[in-house]
Structures are given as structure tokens and as C-alpha cells.
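S.K.: Chains C and G, in that order, are what the protein sequence lines are. Residue 354 in this note's numbering sits at position 354 of the first sequence, with consecutive numbering throughout. Residue 47 in this note's numbering sits at position 47 of the second sequence, with consecutive numbering throughout.
Since the hints were derived computationally from the structure, they do not count as laboratory data. One or more of the hints may lead you astray.
Stated by the list, open to error - Counterexamples of contact, computed for chain G against chain C with all Cβ distances above 12 Å:
(1) Q22
(2) R179
(3) P185
(4) A237
(5) L287
(6) A292
(7) V318
(8) G373
To be verified - Simulated DEER-style distance windows between Cβ atoms:
(9) S42/C to V101/G: 40 to 48 Å
(10) T32/G to G68/C: 48 to 56 Å
(11) G253/C to E351/G: 20 to 28 Å
Note that the Cβ used here is the ideal one computed from N, Cα and C, for glycine as well.
2 protein chains.
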Amino acid sequence: MQGGSRVRSPNLSLVLRQLRDQGPRSRARLATDLGLTRSAASTLVAELEELGLVRTAGVERGGVGRPGSLVEIDGRAVCGIGAEINVNHVSTIALDLSGQVVAEHRLALDAHRLTADEVLDKLAELVRRTDADVRTVGATPVGLTVGVAGLLDSAREVLAVGPNLGWRDVPVGAGLRARLGAAYPLGVENEGNLAAIAEAVPGDATRQDILVIFGEVGVGGGIVAGGRLLRGHQGYAGEFGHMIVEPGGRRCGCGRVGCWETVAGLRALLDAAADPDDPVRDPALSLDDRIAEINRRADLGDTRTRAALDQVAGWIGVGAALLTNALNPAAIVLSGYFAGLGQQLRPLIEEQLQAGVLAPYSGGTRVEFSTLGFTAAVRGGAAVALEAVFDDPTLVAPRAALVGGTR
Amino acid sequence: MQGGSRVRSPNLSLVLRQLRDQGPRSRARLATDLGLTRSAASTLVAELEELGLVRTAGVERGGVGRPGSLVEIDGRAVCGIGAEINVNHVSTIALDLSGQVVAEHRLALDAHRLTADEVLDKLAELVRRTDADVRTVGATPVGLTVGVAGLLDSAREVLAVGPNLGWRDVPVGAGLRARLGAAYPLGVENEGNLAAIAEAVPGDATRQDILVIFGEVGVGGGIVAGGRLLRGHQGYAGEFGHMIVEPGGRRCGCGRVGCWETVAGLRALLDAAADPDDPVRDPALSLDDRIAEINRRADLGDTRTRAALDQVAGWIGVGAALLTNALNPAAIVLSGYFAGLGQQLRPLIEEQLQAGVLAPYSGGTRVEFSTLGFTAAVRGGAAVALEAVFDDPTLVAPRAALVGGTR
Numbered sequence: 001m002q003g004g005s006r007v008r009s010p011n012l013s014l015v016l017r018q019l020r021d022q023g024p025r026s027r028a029r030l031a032t033d034l035g036l037t038r039s040a041a042s043t044l045v046a047e048l049e050e051l052g053l054v055r056t057a058g059v060e061r062g063g064v065g066r067p068g069s070l071v072e073i074d075g076r077a078v079c080g081i082g083a084e085i086n087v088n089h090v091s092t093i094a095l096d097l098s099g100q101v102v103a104e105h106r107l108a109l110d111a112h113r114l115t116a117d118e119v120l121d122k123l124a125e126l127v128r129r130t131d132a133d134v135r136t137v138g139a140t141p142v143g144l145t146v147g148v149a150g151l152l153d154s155a156r157e158v159l160a161v162g163p164n165l166g167w168r169d170v171p172v173g174a175g176l177r178a179r180l181g182a183a184y185p186l187g188v189e190n191e192g193n194l195a196a197i198a199e200a201v202p203g204d205a206t207r208q209d210i211l212v213i214f215g216e217v218g219v220g221g222g223i224v225a226g227g228r229l230l231r232g233h234q235g236y237a238g239e240f241g242h243m244i245v246e247p248g249g250r251r252c253g254c255g256r257v258g259c260w261e262t263v264a265g266l267r268a269l270l271d272a273a274a275d276p277d278d279p280v281r282d283p284a285l286s287l288d289d290r291i292a293e294i295n296r297r298a299d300l301g302d303t304r305t306r307a308a309l310d311q312v313a314g315w316i317g318v319g320a321a322l323l324t325n326a327l328n329p330a331a332i333v334l335s336g337y338f339a340g341l342g343q344q345l346r347p348l349i350e351e352q353l354q355a356g357v358l359a360p361y362s363g364g365t366r367v368e369f370s371t372l373g374f375t376a377a378v379r380g381g382a383a384v385a386l387e388a389v390f391d392d393p394t395l396v397a398p399r400a401a402l403v404g405g406t407r
Numbered sequence: 001m002q003g004g005s006r007v008r009s010p011n012l013s014l015v016l017r018q019l020r021d022q023g024p025r026s027r028a029r030l031a032t033d034l035g036l037t038r039s040a041a042s043t044l045v046a047e048l049e050e051l052g053l054v055r056t057a058g059v060e061r062g063g064v065g066r067p068g069s070l071v072e073i074d075g076r077a078v079c080g081i082g083a084e085i086n087v088n089h090v091s092t093i094a095l096d097l098s099g100q101v102v103a104e105h106r107l108a109l110d111a112h113r114l115t116a117d118e119v120l121d122k123l124a125e126l127v128r129r130t131d132a133d134v135r136t137v138g139a140t141p142v143g144l145t146v147g148v149a150g151l152l153d154s155a156r157e158v159l160a161v162g163p164n165l166g167w168r169d170v171p172v173g174a175g176l177r178a179r180l181g182a183a184y185p186l187g188v189e190n191e192g193n194l195a196a197i198a199e200a201v202p203g204d205a206t207r208q209d210i211l212v213i214f215g216e217v218g219v220g221g222g223i224v225a226g227g228r229l230l231r232g233h234q235g236y237a238g239e240f241g242h243m244i245v246e247p248g249g250r251r252c253g254c255g256r257v258g259c260w261e262t263v264a265g266l267r268a269l270l271d272a273a274a275d276p277d278d279p280v281r282d283p284a285l286s287l288d289d290r291i292a293e294i295n296r297r298a299d300l301g302d303t304r305t306r307a308a309l310d311q312v313a314g315w316i317g318v319g320a321a322l323l324t325n326a327l328n329p330a331a332i333v334l335s336g337y338f339a340g341l342g343q344q345l346r347p348l349i350e351e352q353l354q355a356g357v358l359a360p361y362s363g364g365t366r367v368e369f370s371t372l373g374f375t376a377a378v379r380g381g382a383a384v385a386l387e388a389v390f391d392d393p394t395l396v397a398p399r400a401a402l403v404g405g406t407r
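Chain C on its own, in the form it takes in the complex:
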């Protein structure tokens, strides 16, 4: 174990991350980038090749000196699995090390009509199916991260309060471990945090310091700083919906008064946009269809719809400005129903941001809308599972049996 030939995992990790974040490059370039000797960089690349995590791919163009062969991430050896428990569905995704989708499953259900145990049973079944898919293509699953909505006690992996699911003190981590065994690490994470990490695309410098704000009936989200999720002391960061923005305002589902979600959440929009018997307020219809109808009315210039959108956009902007004063992110990425109505909401959100942020030009903070839709949380879960490999590539067993094989 203490033999002189074992290469250090901190440097293996640096090399693997550099290839992910900065793209394919030669061994010489890696050495320069990371302050390593050239021979050290070559040794590290060789070890990562042996682990099946990188491969040689083409020749460097346009560099100074002799052309070197390029090294790139080889995604195929390992996969991270992300899963999500939602009031309307359970779902999974498997992403390989280069972020490609290897498998995806989704099962509609109504969590209110099932016990927590029944929901966990169904999710475990989807994970088993996803795991089998991953092994079918010759890859190894390295971890599973499950997203849940609500207040998660992350030390115990217990969902303390899941208001939309109607769950209290459900041991999600232990429940899934009992069903799935311990073939690889399993983590439980707030859904907003996972959605946030999914938006922080590796290698995209404009997406490494972002706020992701997710709007449904509740409003939540996550903070990514320097490409890393900011979880907070006990994992409760990102509860944006319960920032009090209107003292003495409306009562929130949480019992407080004036929470941001009472004025920026889906219910605030629907209450203002339509009468109670209007189909856009019918929870039995698909949210996508109801959002499409609101877009249609707004495009036709319907006064009530436009006024409702303007009112909600103003409040979204108030909260966004408040968070921008505190955090000065490169971008605020609006997700959930906000994304579906992005074109309608953008002008007034940007106006409020300009008005409410002290720094000139809103501190450069851009307003963006998510394009990941409902897959954001599972994608983030898979990315978190893969982080373990980027942290310590030696977690992956050497591919001795596969050398010279079919891959």
C-alpha cells in the first residue's frame, strides 16, 4: 500500500478535472497547465488510461513546437445514476463520465395515493432497471444520488418535511439502501441543489457561479459557486421561496407571512390570471398544457393574463435583485414554470433587477431560462455521483480484464 510506485490521487484528480473542464489537450499542455513535470503528466495519463477514464484522440493543432497527441476523457467505463422522487413521478437517468445519457426511465404515479414505502419500492425498481442498462453497455455504475423536494436532514438522509409529497420524517437513504444493497455509494440531496448543479455545465465558464431558481407552487433552488454546490451548514441552502419579501403580505403554506413564493409561485400567477373554474387552474390537466395556454393568451394580448404575468415578473425580479445584491452571480437561471413563460417574464424581471441591484449594470448578472425541463434534478444527481470519480479516480477498478477486449 505504501509502495513507491503508487501514483498520487490528488494529481490524478487534477488531470481528470482539467480534461473535463478545459477539454482535450496534449500531455505537455497538461504539464504546463497544472505545474507538473512532463514525465509526471505522462505517468498520470497512463494511469488514467489503465483505469479506462481517458484515451488518446487525434493530434493537437496550432500549438508551438512538435505536435503532441491529444488526451481526452473516455466516458464509457463508468456511469453515475441520478434519481428523483416527485409527487407525480419517479425517474432515473444514467450519465457516463463525459455526460452522455446512457439510460433514462420515468414512471408516472400519484404519491398522495401511495405510502412512502410503495413509492420507494417503485423507485428502487427503476434504479435496478437503470443499473442493468448501464452494465449492458459494459460500464460500471459508481454511485446513485436521489433528489427529494423538501427539508432534508442530510446527515441522517431523512426527509424531515416534504410538503408536496405529504411526507414527514421518511428515511429515504436507509429505505433505498435496504432495497438496493450497498453495491455503490448512495446519496440523498435536495432536489433544488441537484437542479442547480445540473445547470453548471463543466467547461462552460459562464455557468460556474450561478443561482438556479425553480418555480412551481413552491419556489426553491440552489447556489453554485466556483462550479461547486453551496449546500450550507446542514444542507438547507437554497430555500429562496421562504425569504420574506413582503412583510405583512399573504400567508404562506409554511405558516409565515410574506414569503417570496406567495407572490412569485405558480399559485400567485394562476390566482391573478384566471377565475377558479378556468382550465388553466385545473391541477388535473398537465402543467405543460396549462403553461402553453397562458402563453397563447399572452401572445393574443389578453389584458388579464398580461397583467398577471407582469405582476409575478415584478416579484420574481424583486427576489432576484435581493439575491444578486448578496451573491452577484454570473447568471440567474430560472427553471420550472418560470422557464415555460420565459419570453413573457423576461423584460420585467430584467427591469426589476436593474432597479434593485446596487452594482452598476446589475453587477453583470444575466437572466437565463433553463432548457433542461424536468430532467434537471436527475441529471444533477448523476453528476454528483460522478464527482466521486473526479475526486479520486482510483475508486474505479483497473480494467485489466478488458485490456485488448471489445471496447
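Once you've looked at the hints, dock chain G against the given chain C.
M.R.: Positioned in the frame of chain C, the structure of chain G alone reads:
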């Protein structure tokens, strides 16, 4: 440069940080901690010894196996210098690599009666004196970080707006470089950010995820996440005082309405606590003395003073709760005038935090009061300057000339 014997700086950095954050330990323990081979750890320690950054100190107790000699940071070889430009004074401090104060200077002035150039002249003179002090004890200054209050364009190191100083578009970085030459790196940073990093004591696990909120007439601060300063996209993070907490409330100096500092800043307290001709509102008297008088009145049970403190404490708590919902820090460290009145303010701040935070027990976020007083920003500046050495210890020239010398 590419010789095989050069040891990698990423691992040198890891070893040096480990000794700073986790305290003295044996080479074997360092190897285990960092996933290095034992021989690699010994080589790295030898290189750091040659650079004068670590030394052998005593023998490990209570470990398993043979006792090993302990390695610890040797602070004496290098110093970071922190400086601050304030409306009432300019000041500097030099801290060695283990955080000990080597020199400290402070010059009272009235920035409103001087030009920006005159203020920079005086600060440059203090820096020269501090630099000389550092060299007198045989250490090498490795960097200077200057804190300024206001909106700093960090890319250009220009203070865009310094409301208290009355400065606009002052090129602080270029101005000091012209005066001081380029003997070592010079940085300019928002004062609130520097105060924040000063509170994040290395090695204190309870102080690595904190919000620091600084209260004078203005309210600002900084965010430390995972021991690192969160500067934001353009360096404007931490403008807490301009979060709008009372829509339709009082007009702020920034032109907006309802900013947090209009209800939590020093002026809000003084307006409520005393008539205009009361000495506690006389800006010609020292703030420390005025705070002492308010404490005295509160302790005597003066109704008006206590009501003013309660009102301000409630608003401090409202903003603290809002930030805690977003960030869930381990602690909120209150600094500036908040610290001077900590005993009076604490109960209502904690009550508001409990009431306003969604997570149970305020998400574990503690309310603390700074003990650094006016030295917070300069201490943070020196710490930032020293970070360059922790990032790359090879920046320090080998101490060949001193080997076998008096040190």
C-alpha cells in the same frame, strides 16, 4: 525547468494547507491524510523545509506504531501585508505565515479634507514602514492587499463609487503601484470581503461557512463558503445593506426605498434612540464612546434606548433570516457597531432568526459577534496576500543564504 527532480506545486500546496488547517502532524500522518506515499510526503516536507515554510517540532504522541517527529508551519520566512483606506484612518498590518502579527500601523485622518492622491500617499508611506518592519525581522513580504469600502470594479481595481469616502472612479490599484513599485503582488478588495475572510480562522471547522455582516451607517459584509471567499461574478457579492426588506419604506442613500441599511444601520438606531442634539448622535465624538453610552443607558433600563435597540435588532434578524434561508451558514458573524452592542441585540436577533428561517432550529445557524474590531479588514488583507503562498509555495525563493544562519 522540466527537470525530473522538481516537486509538483499542487502537492506542496496540499501539504502546506493541511498543516495550516489541521495542525502539526507526522510525515506518515500527512501521507495518510492526503493519499500520498510516505516517501512522497517526506520529499514534499523536505522541499517546504528548504523554502523555510515548515519545520520539525517535537514528537507525535498517542499515535499507533513508532512515534514520528511532528512537522509544523514555520511562520517566520514570509509575511502578507494588509492595508485599509477608511474615512477616518488608513492602516496596515503584517501577518506571518502562521498568522502572528509582525507589524501594525494606523494613521488617523479625515478623508473628506484630503484628495484621493493625498490619502494614497499616506497609505503608501504606511506600507513602506510596514515593509521595512517585516524585513527587519528577516522575513520577506509576499503580497499586499488593500481594502476599500464601496463598489469596486475589481478587474480594473478602480473604486467606482466610495460613498463614505466621497470617491468616484479612483484607480486605487494603479495609484498604489505607481507609488510602491512592483516588489510583490498588490491586490485591491472590498473591505467587507476582507473582514469576512479574517473571521474564517484556518483550522476552525465552525468558521469555514459563514456570513459576516458589518454594520456602520452602511451595512455590508462578505460570504465565506468552504473556507473561501465568495466574491461573485464581478466582485460585488456581499452588498447586503441594499437588499430591499421593507418595500415602500424609508429612502436609502443609494436612491432606492426600503434597503436593509435604512432600518438596520447605525443611523436608524441613533434616530430612534436619541434626539438630534444628544451626544450619542454627535459624529465628532468617537464611535466607541457613543456605543459605550448606549450600552450604559440600556443596562440602566432606559425605555427609549431599549425600544430603539429592540426595533433595530428585529430588523437585523429579518435580514439575517432572509440570508439564512438562502445560504444556511454555520454562523452569522456580526461586526462593526453590531458587535459593540451584541449583548443588547442578541435575544431579538435570535428570535427573528427562529421565526423567519424555514429549516428547523434555524438550520443550525449560530449568531456570533466579531471580536476583531477595526482590524478585521487589514487582517483579511494580509491573509489574502498569504494565500498566494498556500496556493504555490514555490513562489518563495529557497533560503540558501540563510541555511545555517541565525534563524
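S.K.: A separate judgement is required for each hint: does it hold in the structure or not?
M.R.: Evaluation of the provided hints:
1. No beta-carbon of chain C is positioned within 12 Å of the beta-carbon of Q22/G; the least distance is around 15 Å.
2. Listed as a non-interface residue, R179/G keeps its Cβ farther than 12 Å from every Cβ of chain C; the least gap is roughly 27 Å.
3. At roughly 17 Å from the closest C-beta of chain C, the C-beta of P185/G stays outside 12 Å, upholding its exclusion from the interface.
4. Some Cβ of chain C comes within 12 Å of the Cβ of A237/G; the nearest lies about 4 Å off, and the non-interface call is violated.
5. Residue-level check passed: L287/G sits 24 Å from the nearest beta carbon of chain C, beyond 12 Å.
6. Listed as a non-interface residue, A292/G keeps its Cβ farther than 12 Å from every Cβ of chain C; the least gap is roughly 32 Å.
7. A cut-off of 12 Å between C-beta atoms contradicts the statement that V318/G is not in contact with chain C; the least separation is 7 Å.
8. G373/G, annotated as away from the interface, keeps every beta carbon of chain C farther than 12 Å; the closest lies near 25 Å.
9. Between S42/C and V101/G the CB atoms are about 46 Å apart, so this pair conforms to the stated range of 40 to 48 Å.
10. For T32/G paired with G68/C, a C-beta distance near 36 Å fails the hint of 48 to 56 Å.
11. Taking 20 to 28 Å as the suggested C-beta distance range, the pair G253/C and E351/G conforms, at roughly 22 Å.
Hint compliance for this structure: hints 4, 7 and 10 are broken, all remaining hints hold.
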